[in-house]
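Enquirer: Mind docking chain Z on chain V? Use the hints.
2 protein chains.
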Amino acid sequence: MRAIFNEELQQVAEDLTSMAAAVHDAVEDAGRALFEGNIELAQDVIDGDAHIDALEHSINNQCVILLAKQSPVATDLRIVVSTMSIASLLERIGDLARHIAETARSTYPDSPLAPQVKDIFLQMQDFAEKTTSTLSDLMTSHDEKAAQRLILSDDTMDKLFESVYTIARSDEWTATTDQTIDSVLLSRYYERIGDHSVSIGRRLVYMVSGFDPSKDPSRFIGVDSDGD
Amino acid sequence: MRAIFNEELQQVAEDLTSMAAAVHDAVEDAGRALFEGNIELAQDVIDGDAHIDALEHSINNQCVILLAKQSPVATDLRIVVSTMSIASLLERIGDLARHIAETARSTYPDSPLAPQVKDIFLQMQDFAEKTTSTLSDLMTSHDEKAAQRLILSDDTMDKLFESVYTIARSDEWTATTDQTIDSVLLSRYYERIGDHSVSIGRRLVYMVSGFDPSKDPSRFIGVDSDGD
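Just so you know, the protein sequences line up as chains V and Z, in that order. Numbered per the UniProt record's numbering, the first sequence finishes at 228, counting up by one with no gaps. Numbered per the UniProt record's numbering, the second sequence finishes at 228, counting up by one with no gaps.
These are calculated hints, taken from the structure and not from any lab test. Since this is a predicted model, take the numbers as computed values, not measurements. In this text, a Cβ means the ideal position worked out from N, Cα and C, and glycines have one as well. Just so you know, not all the hints are guaranteed correct.
What the hints assert, rightly or not - For the chain V half of the interface with chain Z, some residues (derived, Cβ under 8 Å), not all of them:
(1) Val-64
(2) Leu-67
(3) Ser-71
(4) Val-73
(5) Leu-77
(6) Val-81
(7) Ala-146
(8) Arg-169
(9) Trp-173
(10) Thr-177
(11) Asp-178
(12) Thr-180
(13) Val-184
(14) Arg-188
Said to hold, decoys possible - Only part of the chain V face toward chain Z is listed, based on derived beta-carbon distances under 8 Å:
(15) Phe-35
(16) Ala-68
(17) Ala-168
(18) Leu-185
Pulled out of the complex, with its shape left as it was, chain V reads as follows (with noise of 0.2 Å):
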């Protein structure tokens, strides 16, 4: 029953490694189709979000047969319930950059973005691009400490979302309303992508060690307390 039971949850682990990965692609290749204007690439990930969403599902019709047939206690079931979270964070993070290739191709072959933001929103594909990447590895390496630094870098997002509105919002801004309406949009998406990041950080810290960042751990068995 172990041996069933190890080998069932090892299959779990390796969809959601692929999942992390897909997801991390769907958000690099969503940054290129919104940054240079690649409407192939907008197009791959809209239609690759299918994929994901199968994983999610995949993902958690299995933990919920993990739990049916093996009532898994302790870190065991402590493994099951993180992953059923993670993989519907990662779930989001694809709709996330599915909306942002969405943004992109609505404006091909014109760019959605305020000239005047541009260089932040750089740095929010920038952000985006590392974490999920930290978020690919850690799916198998559980390097914790390479989680603790990527829940460390909980406000960077923000602060790049903020500074989006300090810009529109100062007599300076000379954006169209398409633009602005665009900006504001895909300025969300990606601090939504950076919140949804932070928190599979923590859920993976949960999962592997017992050990919750922010000393509650139903943080860890919820979505993030932030979600939206």
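Expert: Coordinates of chain Z only, in the frame set by chain V:
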């Protein structure tokens, strides 16, 4: 053992009902803060979000303890897993109500909304109040027909959301940049509330009947597939 399980499951069900009621109140108060410029209610919603978060944490902890101690299967397992995902979605609606209240507070005594879209936002608020009220009732009534009606209202909020952009991108748009930014963010918050509410309706149908309105059980275990 069975008696204890039912007793503990009943306690979780009561907490989920309290949480749904608190979330409905938050949505209602956030709307009054936004449309009536009621700064006291805005502050109440912002301060009250910690209580909603605490309820989610408590519900998740109780569910994990139930999984560990009772090893539920079949219907009981479906109820426990569904309860965790419903609680996390309710928590996210609570966050969105807080965001609406924070936006109302940030422009007080003025309204953050562009006058041209105020009517659409009143309809969004009306839909958000009705759906969260329905969800609150469903926690005890488990009325499948009411849940199905909620699920069928899926695109109501999306259409209102789209109409905000149709107006904002038209030549008739005369709002200030601040009003444009706040209207875009607020429309996104309402759209998310609608999406999460419908997702909770689907999970309730699955939890109560085991029937999956979308023919895809995993959707009722993970977070909503269009969530972010």
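Enquirer: If a hint holds in the structure, say so; if it doesn't, say that too.
Expert: Here is how each hint holds up against the structure:
no.: 1; hint: Val-64; in the structure: holds, 6 Å
no.: 2; hint: Leu-67; in the structure: holds, 6 Å
no.: 3; hint: Ser-71; in the structure: holds, 4 Å
no.: 4; hint: Val-73; in the structure: holds, 5 Å
no.: 5; hint: Leu-77; in the structure: holds, 5 Å
no.: 6; hint: Val-81; in the structure: holds, 6 Å
no.: 7; hint: Ala-146; in the structure: violated, 25 Å
no.: 8; hint: Arg-169; in the structure: holds, 6 Å
no.: 9; hint: Trp-173; in the structure: holds, 6 Å
no.: 10; hint: Thr-177; in the structure: holds, 6 Å
no.: 11; hint: Asp-178; in the structure: holds, 6 Å
no.: 12; hint: Thr-180; in the structure: holds, 5 Å
no.: 13; hint: Val-184; in the structure: holds, 5 Å
no.: 14; hint: Arg-188; in the structure: holds, 6 Å
no.: 15; hint: Phe-35; in the structure: violated, 21 Å
no.: 16; hint: Ala-68; in the structure: holds, 5 Å
no.: 17; hint: Ala-168; in the structure: holds, 6 Å
no.: 18; hint: Leu-185; in the structure: holds, 6 Å
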